[in-house]
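K.L.:
Letter by letter, the chains look like this.
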Amino acid sequence: MNMNLSKIKLPSGYLSKYGIFIAFLGICVLLSLTTPYFFTPQNILIILRQVSINGILAIGVTFVIIAGGIDLSLGSVLALTGVVAASFAHPGTYPLIVPVLLGIGVGILVGAVNGLTITVGRVAPFIVTLGMMTIARGLALVWSNGRPVTNLSPAFNDIGGGDLLHIPVPILLFVLVIIISAVILKYTRTGRYIYAVGGNENAARASGIRINRVKLFAYIICGGLAGLAGIVLAARITTGQPNAGIAYELDAIAAVVIGGTSLMGGRGSIAGTVIGVLIIGVINNGLDLLNVTSYYQQIIKGVIIISAVLLDRKNAQ
Amino acid sequence: MNMNLSKIKLPSGYLSKYGIFIAFLGICVLLSLTTPYFFTPQNILIILRQVSINGILAIGVTFVIIAGGIDLSLGSVLALTGVVAASFAHPGTYPLIVPVLLGIGVGILVGAVNGLTITVGRVAPFIVTLGMMTIARGLALVWSNGRPVTNLSPAFNDIGGGDLLHIPVPILLFVLVIIISAVILKYTRTGRYIYAVGGNENAARASGIRINRVKLFAYIICGGLAGLAGIVLAARITTGQPNAGIAYELDAIAAVVIGGTSLMGGRGSIAGTVIGVLIIGVINNGLDLLNVTSYYQQIIKGVIIISAVLLDRKNAQ
Amino acid sequence: NPGANQDGGKSIVVGASMLSLQSEFVVNVKDAMENYAGENGVKLIVNDAQRTADKQVQQIETFISQKVDAIILNPCEVEASSPAVEKAKAAGIPVINVNSETSATPDGFVGSDDEESGTIAMEQIAKLLGGKGNIVIIDGYMGQAAQIKRAIGAKRILEKYPDINVLAEQTAEWDRAKAMSLMENWIQSYGDKINAVFAHNDEMGMGALQALEQAKLKDKVVVVSIDAIADALQAVKDGRLDATVYQDAKGQGEGAVDMAVKLARKEPVENKSVFIPFQLVTKENIASFLK
Amino acid sequence: MQPFATMNSGYLLRAENISKSFPGVKALDNVQLHVEKGKVHAVMGENGAGKSTLMKILIGMYTPDAGRIIYKGKPVFFNAVHDALKTGFAMIHQELMPFPELSVAENIYMGNEPLKSFPGWINRKKQNRDAQLLMEKLGLKIAVTRRMKTLSVAEMQMVEMAKALSNKAEIIIMDEPTSALSDRETAVLFNLIRELKAQGIAIIYISHKMDEILQIADTITVMRDGKHIATCPAGTISNEQLISLIVGRALDTIFKKRAVVPGETALSVKGLTGKKFKDIDFSLRRGEVLGIAGLMGAGRSEVVNTIFGLEKPTAGTIMVKGKAVVIRSPRDAIQLGIGLITEDRKKEGLVLSGTVKQNITLAALKTCCSGPFIDVQKERSIAKRQIQQFAIKVSSGNQVVNYLSGGNQQKVVLAKVLLNDPDILILDEPTRGIDIGAKAEIYKLMNEQVSKGKAIILISSELPEILGMSDRIMVMHEGRITAELTGAEATQEKIMQYAMQ
Ligand SMILES: Nc1ncnc2c1ncn2[C@@H]1O[C@H](COP(=O)(O)OP(=O)(O)OP(=O)(O)O)[C@@H](O)[C@H]1O
Ligand SMILES: Nc1ncnc2c1ncn2[C@@H]1O[C@H](COP(=O)(O)OP(=O)(O)OP(=O)(O)O)[C@@H](O)[C@H]1O
Ligand SMILES: [Mg+2]
Ligand SMILES: [Mg+2]
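Chains A, B, C and D, in that order, give the protein sequences.
Residue numbers 116 to 432, in our numbering, belong to the letters of the first sequence in order.
Residue numbers 116 to 432, in our numbering, belong to the letters of the second sequence in order.
Residue numbers -6 to 284, in our numbering, belong to the letters of the third sequence in order.
Residue numbers 33 to 533, in our numbering, belong to the letters of the fourth sequence in order.
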């Protein structure tokens, strides 16, 4: 058709992405001006490494949120998969692949249980994953006997602290997850169905989409990525910590929402989530660099996050 | 119409309420059978006293959820209002009414800020209240300097620990809040508008309802009740704790959802929320009475909550 | 102003990552550090790790990129906070642990061994009960270092007293309101069978105390907890709380800053690991703790 | 009349003895439907007769309680829509089912995406190209990369049509496909249906529009109250016979002449300009019906939405009863005595999770209140009165609106808006999806309102309706008024000419 029409799609989608991106740049410029330590290669690397765990979680939950669900169990799953993986990562026991696969596998299992209870059991995602939040935490404590699982092999710890081609492994993993997820959501049928199910479940059913499968897939991806994040975290802090990850799900979900994904489902993107993750990471890093008192940090962090989204919405109008 | 048709109204509304009530009775019967300490007058009174704080919070957030919103800042607001009220409740300083009004007033203020940012600022409730969660926590820490506010007057402490007409004050307050809220939601215009706004914002606006006002009202009620809960909590533990109430919002929201209120808005009831609150309270009490190991407590609690809702939904089919 | 002049006019910058600034005891340590640093012209940057080891590691990374002169670490976890220590050492910045240990060895240590606090508290309970009776234990947040160590210390004493019977053990997550509810529930199921309560911190001890007072059982039950926060000291003075265990926040905080400055200036430190013992606080010796 | 024609093994599809109950309602009671290859089988019946329910059973959305479906001589059982689509069924649903955030092309090929050789990979280029071709075939000028939510209802409806066609089905169910369409699109659709017939595709066609049925149907099945009433070849039945079969009684003429002389000006608009329209001038007098005709997307809805305060004008004045007014919100409009039946009942009309009673009283809740409190008794009786007056088919006012049949939902909206007794009533496609009996009642109601001195604006894509009801007719094209005709001089041809310019 004619050229004006093709412009219509811009405002709602791109401009809002754009808006939050501007907000992100604004925060970065502000920090570069106020502290000399912010805009340095090392610090940027540090930020990236720091955000990678929340980033992997946030990407997982992006799938679930686009499909119209929510996952509050992430933080606990992180702890559970961390202790399970760590138990198989003592030096000289199993090859590295075993703890990695087990950690991701446990995450997938939890995701599947969430997904099945939500789809077949027809219980609200909020309740299912809130229940799973305490269940997974309990399982992590039972598995580890309430003690951190220590003495992990150097190879395992490298997943969190090592470098590959001079780039920290967590960053590599994060980037890999970004690319694969973006491709799935954008270019595959399953990705399309995730948007469809979240956008209009009834219509999706009427289009012959097996919505239960699609939702299950989203929860499994989310669980599996939580498993991966759990492994990275355990490796980074060189222990499987049964009390790790408390409230991490909130940061992950916040990143997703800041990135313009609607909690109503049907809308959102990996790119947005990545920006959301970076905004949270940069704020955390910057407030520490600026030496803001801890109590005020919390206030400022809250205000900045709300303002960033506010700015974004105003821009989008 | 013929008589079968009149049955239509049952399934969607009443039976589902009924279902969760049956689940609740089931849990109670089970506990009565497994421990002799459960079904005693004192223990019931204790459960009621214990649930009253979560109950008041849950009723507040019921308003918000029916109106189609969410409030994640509750736990922090609880702490903030608690420390503020406590600072004015030292013996021999101000009359009792001052800390009470200040506590509720601060709650209302926070609710109003939430509501205005959501309505006028058009930022997603999840982000606004998540931001407020860290802001209010920070404010509570700043106000109290990170230390508990102690040495409160006996009159103030009676709000949490005293009796009136042989009934603990928190229970009286809880019952009062239940009655007033149920009346507002069921029998006033504002209550009806809350349902309408949550059910279909566009339709509500086209019907001449000022949706921003209605939403603001819901957040203010929610904030005010969080303030009341904060006062009761501070009085109960005889200190204003800046770190009180962490994750309380999740219990409150869980109670609301267990009670059949939809997180999509437009549907729900105070009666349902009360049952949800009681289910959580009874589980907490019962697991302690049965002396279930704490790791397993978490697992069992999660499983019971999911199962209760599952049973409810199955029943409703 | 010794911090400023001896280093060519440039004052020393010390970064500190604290376990949680929502914990009264840690706030006391922090205040002591800040006061002492202020008096000595040291610039102190305090971060709050909010009980998250990962966050603590991040904060140390940030200190390193800020090029601070020394780092004080108030560890969240024994093992999980170790990478923080190792990172600082790798960057050539001296690191001092305050209050508790990590499995990685820092350049200096000022603090105490949490196990000892559990030992002292449980020993006092055993003494007050005459070596026999029923107790209940209120745990801190499960899996956290302080909870684990205090539990280990207490268990060690319990092994010595076979006639002390643990009726129930449950977590109240360091929270006073949760401990109060837990105690109320236990009063229902165990009633006057309970002879003593051991709580992993004073907040929870105070919660249990209030539940017992409301049930009018306090005079029959011993309550002992740990930390010696202001409220607990007052309660000991009033004869409500039977005992608490005092940890020297001021000594720890000042000692840590002092050692940090010395290590930053590469001055000799004779004792690189200073253990500050816990002290039992009862009605008898309360006067010396109330300031 | 014979219930249905003699058994013919040549039937492509036979639905036998289908029954379906929802909690408390028997939606279908032993219903038959036999469909032949290459024929258009019309299904007619009042609102709530069970037509959509039967179709949803055929497409696998509901499972029947009893009965069986025989397709090409073999019994089939659909567990999910997926199975039905694979077997060669397609359906255009009565309710629009858009994916608002996705593009037109993505909507069309949802569930049926063209793939690349790599499994699971969508071939977007092909998808967009195919979609564009389909659009052109349907005579639509919609860029396939536009997001669905930017389309008007009519455009969405056409997209749904394209979607059903894209499935290469052998049997296509169309549940009121033209309810949102104007004559031009309807004509396009009918040409298409004839083409499909020629290819041997069977079509089940549901509509409340008599003229359409007479034009396109080969066979007609009538249902009432969940029961099969009659099936007969289209040629053998007269219009009047058909109507009496549908409503169960005879119905006199639908459009009655009014003897009302228009009074003073109630509403006038000068130079009104908005995002999608420009320089709108018109005035409306008391006791008058002003019809607004135009093709889909002409901007009619936008004009009235702006007058009602749902959208902001960029320029122009609105005068109500001679006084210039500023309308910032629907609330202002309602207080000025304006009532609007919005175009999309699900989006702006109804609180679907609410009950019939709550919806009816929503805009006039104040009248059911003493102080801030709702007078329950009064509310109930008011709701009851409206339910009776508008013949809304419900068991009680406490029924949830979500489960009402489409036509009954529309009546609930009417009952709601008219409860405020507005002086200026704007009806945007008020009879969409409404059965012939109810339509007649709505026209009667409009006439009553006019004779009470109310002023009415009627937007409709059904030209007979516009012609039959209006005193004056305004025609819009691409956001501008292109003609104003008196009722007497207007004809379908003239209107179409101005509408297409
Ligand atoms: N999901 C449902 N739950 C409960 N009742 C339902 C449901 N779907 C339909 N009904 C009821 O079944 C009956 C038949 O509805 P149906 O939608 O099939 O009517 P229809 O003939 O398509 O009417 P219309 O012409 O208005 O579209 C109505 O009484 C309706 O209220
Ligand atoms: N929400 C929207 N965003 C963007 N464009 C829209 C939106 N709603 C409608 N439009 C466009 O505005 C134009 C006018 O639409 P409008 O609904 O007013 O037309 P109409 O004359 O009422 O026709 P219809 O018979 O389709 O209702 C159309 O081109 C439509 O695509
Ligand atoms: Mg229908
Ligand atoms: Mg229109």
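None of these hints come from the bench; they were simulated from the model.
Glycine is no exception: its CB is placed at the ideal position from the N, C-alpha and C atoms.
Honestly, I wouldn't trust all of these hints.
Listed below are several chain A residues computed to face chain B (Cβ distance under 10 Å; list not exhaustive) [what the hints assert, rightly or not]: (1) Pro156; (2) Gln157; (3) Ile159; (4) Val215; (5) Met248; (6) Ala251; (7) Gly261; (8) Arg325; (9) Ile361; (10) Ala386.
K.L.:
For each hint, tell me whether it holds in the structure or not.
P.N.:
Consistency of the hints with the structure:
With a cut of 10 Å, the hint placing proline 156/A at the interface with chain B is violated, because the nearest CB-to-CB distance is about 30 Å. Because the beta carbon of glutamine 157/A sits about 28 Å from the nearest beta carbon in chain B, more than 10 Å, this interface hint is broken. For isoleucine 159/A, the interface hint is violated, the least distance from its beta-carbon to any beta-carbon of chain B being 25 Å, above 10 Å. A least Cβ separation of about 26 Å between valine 215/A and chain B goes past the 10 Å threshold, and the interface hint is therefore violated.
At a threshold of 10 Å, the smallest CB-CB gap from methionine 248/A to chain B is about 7 Å, leaving the interface hint in force. A least Cβ separation of about 8 Å between alanine 251/A and chain B falls short of the 10 Å threshold, and the interface hint therefore holds. Residue-level restraint check for glycine 261/A holds (minimum Cβ-Cβ distance to chain B is 7 Å; threshold 10 Å). Evaluation of the arginine 325/A hint against chain B yields a violated restraint, the C-beta minimum of about 20 Å exceeding 10 Å.
Because the smallest distance between the Cβ of isoleucine 361/A and any Cβ of chain B comes to about 8 Å, under 10 Å, the interface hint for this residue holds. Because the beta carbon of alanine 386/A sits about 18 Å from the nearest beta carbon in chain B, more than 10 Å, this interface hint is broken.
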